[in-house]
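If you read the sequences in order, they're chains A, B and C.
All letters in the first sequence, in the order written, are residues -9 to 76 by this note's numbering.
All letters in the second sequence, in the order written, are residues 32 to 426 by this note's numbering.
All letters in the third sequence, in the order written, are residues 2 to 291 by this note's numbering.
Worth flagging that the hints you see were computed from the coordinates, not collected in a lab.
For every residue, glycine included, the Cβ atom is placed at its ideal position computed from N, Cα and C.
Fair warning: there could be bad hints in the mix.
Some, not all, of what chain C presents toward chain B, calculated at C-beta under 7 Å [as the list claims (entries may be wrong)]: (1) VAL33; (2) TYR48; (3) ALA74; (4) ASN247.
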Amino acid sequence: MKLIIKTVTKPGSTRANKTGAWRSFMPVFDHKLCSKCGICGIYCPEGVVNKLENGYFEPDYEYCKGCGVCANECPKKAIVMVLEGK
Amino acid sequence: MRKNMVVVEGSYAVAHAVKVCRPNVISAYPITPQTHIVEDLAQFVADGEMNCEYINVESEFSAISALIGASATGARTYSSTTSQGLALMHEALFNASGMRLPIVMTVVNRALSAPINIWNDQQDSISQRDTGWIQLYAEDVQESADMTPQIYKLAEDEDVLLPAMSCMDGFILSHVYEPVILLEQSLTDEFLPAYDPEFVLDTKNPMSFGAFADPSTYTEFRYKQEKAMGVALEKIEKIANEFKDIYGRYYGGLIDGYVLDDAEIVIMAMGSIIGTVKDTIDELRTEGESVGLLKVRSFRPFPTEAIRKALKNAKVVITLDKNISIGKNEGALCTEVKACLHNTDNRVPVIGFMLGHGGRDIPINIIKKIINKAKLVEKGIFIESEFADLREDLA
Amino acid sequence: MSLLKPGHRGCAGCGDAFAGKFVLDALGEDVVIVSPTGCLEVFTTPYPESAWGVPWIHSLFENAAAVASGVEAAMNALGKKNNTKIVIIGGDGATFDIGLQAISGAFERGHDITYICVDNEAYMNTGIQRSGATPLYASTTTSPHGKVSIGNPQHKKNMPAIIAAHGSPYVATASIGYAPDMIKKVKKAAQVKGPTYVHVHAPCCTGWKFDSSKTIEVGRLAVETAMWPLYEMENGEVTNVRKIKNRKPVEEYLKVQGRFKHLFTMDGKNEGIKKVQAIADWNAKHFGLE
Ligand SMILES: Cc1ncc(C[n+]2csc(CCOP(=O)(O)OP(=O)(O)O)c2C)c(N)n1
Ligand code: SF4
Ligand code: SF4
Ligand code: SF4
Ligand SMILES: [Mg+2]
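Please put together the full structure from these sequences, using the hints given.
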């Protein structure tokens, strides 16, 4: 196989690296408590809390590192961090 | 004097050569003896004779850094510096080469401090040997000017893409008035194609430049740079011939010989000292001495094969170095020539002489003294390497 | 989706990642980003990957402002500038210390660039060493507290004032704890012609030693205690400040961070906290925060 080393790299290509594997706590979103304010979408450092069609929010667990910022910032306490694998 | 020749300062001839290469961005910081080149260029821009951005930076470090940004954006770029300025750029020189940005820079060779000294030697560019830049050395003003479009063509070649230094000796070439042919715009446009790289900083194709490479990929970046130097080695000769076809002038490719074929004593050197060596040889030849010259035009890439071939019949090789690797008691050319012969059957003695530091004059009698010393080898007295012209009252 | 893509190697809860994301949220696609060496640069571009969805270049630690100058000049020369913004995102070390000369040159020359300083108050990428942005008494790996040391002995340098003194038409401070405010200021900085500056306070959970979930909260506490005043300057004059309703004592900010823990346990602790409180009081008075 020919080794192709270019000095440039492709945009957004870190997506190949699924950082969800880093997580030890997992944010779980309770839509019953949610007011759809969108704060969790702003305050995710990975930019992976997405708005669903029904207006609620859910993280992309493939990349969520489990930092807990979204849960800390949610004004409705609608996000709880639960230990992975439980 | 030929009809289309004009008498101009060396710096002007080079600045004019830069102008006809149509760089998009120039960035430089003044330092003697480079100043006249960047002043002449500033005047061209001020007079509307050049359509380019001229960035007056606050240091050489920013000069080269600005060109890294400009080159990555797709611009043809130019700077010139020397000595302390080149040393200040050191870190960024590696960076430009590693990113494969074909920045072109005229190095107006000068000694390094301390003690501070503004005159010529080649310690500055030699000390940047391993930064991954092409380094060509010119013998006279005309070659310095003519080297400019050649080095752009070489650096920007899509299989090369390496930054390049065109080296000319400070004062000796930069401040001398000589009859030269100024490069014609029409011929240069014919000779030098536009710079059109595959990847640039572009919002429509948003690539990332300058990523972080770990041990699993870093080696191959270096390997590719080395391969590109290998390509440059082949193209230097080709480009020199293309230049000859269009402009009618030729200076050799990687190396050039002067009464070399039958010479038993071969002197090797780079830069303006070549002129004095030729004059010395002319004198000695009339006296029946078998002396010849091997001029090294390209120091990086180093022309190992070409030198091996050229030294096939030599009985003694003398290297002249306007630099020193302190602690090795040898100049760089000497070390490299020895290394390039080591794995061959050619056991010709290579004797190094270091001279011309800090601008000390190199008259014909010093070259003759050197040749006589080297000839002692025939009597079994071997000198490894030494300073050619020490003042006994100070040494 | 954000133009700063996931999969990057920033610590969970990283303040620099927030800053990078908010900058791109503010600027959109028509931008070229220049990053000096530092956490954000390293964790977003492990070869052959890149988290950046916009053109991006990293050269060295100390030359980003000069590289950006060259990008701008080249775009002008090649007729490609149009409305494209050239934006540097650099750490506090790259900005306050090693890169200051290149910044000064670029601002003096008046390039149309925007410089965003992402200030996490130390050299994080190399392991939490102090910088010119490290606040008084913070414990870092090169300004540790100890038997005869109360932590970093120097005050944080007033970087926005230094930039404003260059005649920059727009200088602002911002915090990742106030995303809409930060995004507004970054947008404005990019729109104003000439060299502009936004100084973003970006708490680093790893370096400041607090739980990763508190990054935004700590950022807000800095503002609520007047440790990090939010203001805008136009042509050298302060034209807008964010008022604080009930200013909190600095203890509330200090006690949640491991880098200040020693202030609460060592002998003569009150003296240290008092000196930090004096900084906040000065800020409140100087900028009229209350
Ligand atoms: C010339 C040079 N000196 C030192 C370093 C090592 N170095 C790399 S990043 C860094 C610190 C970066 O600090 P800052 O700018 O605050 O960014 P942060 O990582 O904190 O976000 C240092 C010291 C370097 N890369 N180059
Ligand atoms: S922050 Fe909380 S309340 Fe707001 S949208 Fe997210 S989950 Fe719902
Ligand atoms: S835990 Fe952190 S990474 Fe995961 S969704 Fe929440 S804010 Fe994003
Ligand atoms: S050390 Fe701090 S700034 Fe660096 S990646 Fe971790 S959290 Fe971000
Ligand atoms: Mg920092």
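Hints, one by one, checked against the model:
Satisfaction of the interface hint for VAL33 (chain C) is found here, the shortest Cβ-Cβ separation to chain B being roughly 5 Å, below the 7 Å cut-off. For TYR48 (chain C), the suggested interface contact is upheld, since its CB lies about 4 Å from the closest CB of chain B, less than 7 Å. Satisfaction of the interface hint for ALA74 (chain C) is found here, the shortest Cβ-Cβ separation to chain B being roughly 4 Å, below the 7 Å cut-off. With 7 Å as the threshold, the beta carbon of ASN247 (chain C) stays out of range of chain B, its nearest partner Cβ sitting at about 44 Å, so the hint is violated.
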